[in-house]
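Peer 1: For reference, the chains in residue letters:
Number of protein chains: 2
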Amino acid sequence: MTYCIGLLTDRSLVMLADTRTNAGVDAISTFRKLSIWEEPGERVIALMTAGNLAASQTVVNMLNEGIDFGAENEEMGALNGQTLMTTPSMFKAAQLVGAAVREVYRTDGKALEAQDASFDVSMILGGQIRGRRMRLFQIYSAGNFIEATEDTPFLQIGETKYGKPILDRAFSYSIDNAAAVKLAMVSMDSTLRSNMSVGMPLDLMVYNRDSLQVSVNKRIETDDPFFGDLSQGWAQSLRDALSVTPNPPWLDGC
Amino acid sequence: MTYCIGLLTDRSLVMLADTRTNAGVDAISTFRKLSIWEEPGERVIALMTAGNLAASQTVVNMLNEGIDFGAENEEMGALNGQTLMTTPSMFKAAQLVGAAVREVYRTDGKALEAQDASFDVSMILGGQIRGRRMRLFQIYSAGNFIEATEDTPFLQIGETKYGKPILDRAFSYSIDNAAAVKLAMVSMDSTLRSNMSVGMPLDLMVYNRDSLQVSVNKRIETDDPFFGDLSQGWAQSLRDALSVTPNPPWLDGC
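Note that the protein sequences, when read in sequence, are chains C and S.
Those letters in the first sequence? Residues 1 to 254, per our numbering, in order.
Those letters in the second sequence? Residues 1 to 254, per our numbering, in order.
Worth flagging that the hints you see were computed from the coordinates, not collected in a lab.
It cannot be assumed that every hint is accurate.
Identical copies carry no separate label here, and so any pair may be met within one copy or between two of them.
What the hints assert, rightly or not - In silico SDA-like pairs for lysine to any residue, Cα to Cα no more than 20 Å straight-line:
#1 Lys218 x Arg169
#2 Lys218 x Cys254
#3 Lys110 x Thr58
#4 Lys218 x Leu251
#5 Lys218 x Pro246
#6 Lys218 x Thr107
Just chain C, with the same shape it has in the complex (with noise of 0.2 Å):
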């Protein structure tokens, strides 16, 4: 399993991602899953991935080298040799994405299904390039796709059930980059504590809006002091909330 999510704000991007992979509790190893693409001045572009591990670093693996379609077909031929490095928008950038997980169906697919595995991968892909604006993606295992919005301004996959009432409650397109990053920590916890598949260490992505260039790349280890004391500090403000909201009014006595 994985636990990713990306968070759109006014000012900026923050992606967020687990690094355990798993097939089966004996199999368990750590794989990076956030991918930065970055020109400084000119583009930054960070792709995050879940599922099928081998149909995932393909992707990854087409990105950085294109993709041949094909002279004959004429749907792709736009996207024919592009890289993340070379796409003109972050449209085209999703569409790109997009069609390496396609490609990547038409030739592994069918072998997966014969061995009873599944084709599944799901992505999140963000960023800016020079004169466009900060975008954020959700690519689906078909290679359709859909974008955040200030309506829906997160957007995660993977093991998405634990850390997302969270985000419901106090995540927000207009607030500051700490509170955002420090909620996609809590949601990250949230679900690290309940799914054994999802594990540490973390690779967090900081993007402000129209710098061109990454704010912050940072590896958060197992023993990250700072995440050690915000998961210890978290349920201790919950229990906190909890003693000083009302008691129900009827249990007096009970």
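Keeping the supplied structure of chain C fixed, place chain S upon it in accordance with the hints.
Peer 2: For chain S alone, kept in the frame of chain C given last:
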């Protein structure tokens, strides 16, 4: 879907259930999922059900009327004709519920599977019988069951993930009834917000250990002012907790 929570503390049982059932988003109804059998001074037994509604209702009817396993069924002979008003212990009550689940599977399971519907029921059973311990059980589709303990003093059925982090962080065996009720409600509120197939009104029971009578048996309606205030207040408490949590030291100026 459904969400039901059973909390076991050193002094009480708190059981909370939603009432929404759905067969698609265009077929939503309200059904009580919390049933109580009470003979003050003698026994209090409560059952919450999730999964296939027809199966759940049939199980509850069997627990009221007794099951005829047939005289030749030695294994089940001791449960023959028993109801939740006559079982001599909570362990026997859990066995009876499990036997009822298996009986419904025996009569309906194959026909359900022929219609591509799965036989899917799960239940939480709690209570106390005079001279015996207060106990809390979870019964699975196969009729087998587990018991809550001091180490794992809460059980959930239905849509369990959204409401689990708050319980993991703030619930313990030693908290008082007001805190336990508020926690169950916050956990339910997290779930209501994220899954449309879990819905108000709610049914709540509080049973105090060794009292052998129900302390609270309350329907919490959609416009319940306490629940509304709790839901609003909790979101604000989380935002407040976030703002007093120290900022990541490495985010300075980002």
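Peer 1: Enumerate the violated hints, using their earlier numbering and listing them in ascending order.
Peer 2: As far as the earlier hints go, 1, 6 are violated by this structure, in ascending order.
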